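Line by line, the protein sequences give chains W and E.
So the first sequence is numbered by this note's numbering: it starts at 1 and just counts up by one.
So the second sequence is numbered by this note's numbering: it starts at 1 and just counts up by one.
Since the hints were made in silico from the structure, they are not lab data.
Quick caveat: nothing in here was measured; it's all calculated off a predicted structure.
One thing to keep in mind: the hints can contain errors.
If chains are identical, the list can't say which one is meant, so a pair holds when it fits in one copy or spans any two.
Capping the alpha-carbon separation at 20 Å, the derived lysine to aspartate or glutamate pairs in EDC-like fashion look like this [as the list claims (entries may be wrong)]:
| id | residue 1 | residue 2 |
| --- | --- | --- |
| 1 | K289 | D114 |
| 2 | K289 | D101 |
| 3 | K252 | E172 |
| 4 | K49 | D62 |
| 5 | K289 | E202 |
| 6 | K49 | E77 |
| 7 | K252 | E263 |
| 8 | K49 | E260 |
| 9 | K252 | D53 |
| 10 | K252 | E331 |
| 11 | K49 | E61 |
| 12 | K252 | E171 |
| 13 | K252 | D318 |
| 14 | K49 | E202 |
| 15 | K252 | D55 |
Protein chains: 2
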Amino acid sequence: MMTTTYSPSTLSLSASELASALGQVGHAPVSTRAKAETIMREAQHSICKAFADLDGASFAEDMWTSPDGNTSYTDMELRNGNVFQTVSSNVAVINGVFSPDTARAATGGSLQIDSPMPFYVASLSLVVHARNPMVPSAHANYRYFDSGQDDVPERWWFGGGADLTPNYLFEEDAAHFHRLHREVCDRFDLAYYPRFKNWCDEYFHIVHRGERRGVGGIFFDNLSDRDPELLLAFVAQCAASVIPAYLPIVRKRCSMDFTEEQERWRQLRAGRYIEFNLMYERGTVFGLKSGGRAASVLRALPPRARWEYQHTVQAGSDEARLMEVLRHPREWA
Amino acid sequence: MMTTTYSPSTLSLSASELASALGQVGHAPVSTRAKAETIMREAQHSICKAFADLDGASFAEDMWTSPDGNTSYTDMELRNGNVFQTVSSNVAVINGVFSPDTARAATGGSLQIDSPMPFYVASLSLVVHARNPMVPSAHANYRYFDSGQDDVPERWWFGGGADLTPNYLFEEDAAHFHRLHREVCDRFDLAYYPRFKNWCDEYFHIVHRGERRGVGGIFFDNLSDRDPELLLAFVAQCAASVIPAYLPIVRKRCSMDFTEEQERWRQLRAGRYIEFNLMYERGTVFGLKSGGRAASVLRALPPRARWEYQHTVQAGSDEARLMEVLRHPREWA
């Protein structure tokens with residue numbers, strides 16, 4: 001494991017100083033692979049430790065490497081905990097080959113190729129569903145991608161983000177989650193948060209329902225407009241923010257009383273979450289189309305969901321207050 | 001309403017005699033529209049009557065016509081009945097415009113166009129989920145499509161099918177459902193059933209799971225290789241077969257005892273049903289992409305579903321016996 005830490009102080013270094021401090025030689029992307037993988041693994045470790053401490057239950061670890069060694073998954077799963085229904089975290093490191101279809105799916109259309117092209121990805125994902133419907137679900141995903149012939153990256157980029165999906169709206173929770181992410185973004189570029197916040201609202205759009213999946217957060221992709229070392233530091237800090245941005249909300253809400261009716265509402269919202277993931281979520285479409293293990297790709301779906309024909313919420317209700325911000329995203333930080 | 005009946009005796013007529021008997025003038029497709037719509041409406045009426053008689057609960061009818069008059073839906077919904085969780089039937093009559101994307105989605109890739117093209121469709125759909133997990137879910141969908149500029153159909157075709165989705169395998173039920181559909185097919189063409197049975201197994205394939213959604217039935221699309229009147233008769237008889245093919249199974253299974261564990265298994269299977277519909281089902285993709293009402297397009301999803309990470313079935317169990325036929329489709333008739 002690398003022990004390099006990525007703290008805000010690296011920001012005071014120039015690109016070449018950064019490269020030297022981080023042991024980088026030659027073109028950035030090749031060494032970036034190892035560093036990205038380390039960031040993803042270290043973040044997964046910290047996150048799972050913090051979640052296990054809060055819950056009291058422990059994670060099952062499932063590591064899998066393909067026979068050819070080109071794909072490895074590290075699945076960390078906490079199921080049926082005291083606080084959480086599921087905490088599902090995965091680190092994937094893949095040396096694969098894009099088809100024109102999977103390249104489009106993985107990049108949201110920005111990588112257009114006519115013939116197969118090798119790619120590399122190191123990614124971290126986290127999806128959390130809690131027992132108490134007053135606790136929002138949370139999702140984070142960070143990844144480094146490169147692609148090119150003969151193991152020489154012709155293109156590299158970072159992507160990722162984190163977002164919050166409440167069943168009931170507590171404005172202070174949404175504001176806290178956004179503020180923490182804004183702080184990380186602002187350290188790197190004041191234009192990042194406004195851009196990535198809007199991108200998140202656009203991305204998590206259940207188009208056929210005219211609703212967002214949740215109250216958003218940040219989302220970015222194809223990010224390669226500055227030194228890869230700087231972007232590694234940015235992604236590392238984003239991933240580290242999951243704990244302070246989300247766990248205080250969990251602690252505050254996990255012992256609240258709730259009714260059967262509120263649990264039913266949560267399951268209806270879970271149905272919308274599933275509609276989004278199976279129809280629009282790029283990771284799911286890419287994961288399944290590129291031959292990923294279905295159990296892994298779909299492991300983050302909410303465990304119970306409902307569909308009711310023409311379900312409506314009562315005007316002025318807590319449910320209606322949530323729907324209002326899902327239909328019309330608000331500024332939170 | 002037209003009163004023409006479509007019985008096997010029409011088979012003894014030649015194409016021109018058929019056309020004359022059915023009052024057809026000029027090119028088939030224009031008059032075919034009205035006949036197809038009548039078939040769909042009459043079948044919906046008979047089916048809903050038979051289901052309401054069996055259940056004891058009644059259907060809510062919801063008719064909707066777009067302001068321009070180009071789209072009409074007749075939704076018939078029986079919810080929370082005595083026997084059925086949901087019986088959802090829809091007749092849609094649409095004068096729309098294909099984009100290159102929706103044309104591909106609606107025809108499984110066989111209609112490739114570069115610019116927008118008007119289309120007409122009259123379709124009937126039926127989805128049934130029962131209370132008792134020993135009762136299989138059932139689905140049927142029949143449609144007439146045509147497309148071409150200036151309201152002159154350059155192309156027309158029929159599509160449809162019916163299939164059975166059990167949670168527990170009763171071989172005699174699968175055999176009965178297939179036999180009834182084989183009988184209709186055989187009246188028209190001995191090659192139909194084998195072809196449409198295999199097509200059904202191919203279509204209802206949850207590719208990322210390596211499972212079929214159920215034990216199949218028949219499925220066909222782009223069917224235009226003979227006189228449209230003959231195909232109207234075929235589709236009318238297929239739609240009429242839903243009642244004798246499915247309701248005897250419902251009657252036989254709807255009072256069986258079942259355990260909580262078996263209900264849980266049903267909800268896990270419902271999760272797979274939802275994966276199929278949101279990711280692969282052409283009607284859903286087409287319906288949502290062409291701006292169909294989400295509540296209508298998605299009304300047929302099972303009302304409750306579960307996902308469990310790496311759920312496994314015990315060797316030799318009833319659940320394993322079902323999985324075996326979902327993984328390796330069998331001949332039933």
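Right, here's what the structure says about each hint:
1. K289 - D114: within (17 Å within a copy, 26 Å between copies)
2. K289 - D101: This pair counts as both: shortest intra-copy Cα distance 8 Å, inter-copy 19 Å.
3. K252 - E172: within (11 Å within a copy, 55 Å between copies)
4. K49 - D62: within (16 Å within a copy, 52 Å between copies)
5. K289 - E202: between (23 Å within a copy, 17 Å between copies)
6. K49 - E77: Result: close within a single copy only, 12 Å intra versus 49 Å inter.
7. K252 - E263: For K252 and E263, only the intra-copy Cα distance (18 Å) is at most 20 Å; the inter-copy one is 34 Å.
8. K49 - E260: neither (32 Å within a copy, 35 Å between copies)
9. K252 - D53: within (16 Å within a copy, 52 Å between copies)
10. K252 - E331: Classified as neither: same-chain Cα gap 22 Å, cross-chain 57 Å, threshold 20 Å.
11. K49 - E61: within (12 Å within a copy, 54 Å between copies)
12. K252 - E171: Classified as within; 13 Å inside a copy, 53 Å across copies.
13. K252 - D318: Answer is within; shortest intra-copy Cα gap is 18 Å, inter-copy 44 Å.
14. K49 - E202: For K49 and E202, the Cα distance exceeds 20 Å both inside one copy (32 Å) and across copies (45 Å).
15. K252 - D55: within (13 Å within a copy, 47 Å between copies)
The structure shown violates the earlier hints numbered 8, 10, 14.
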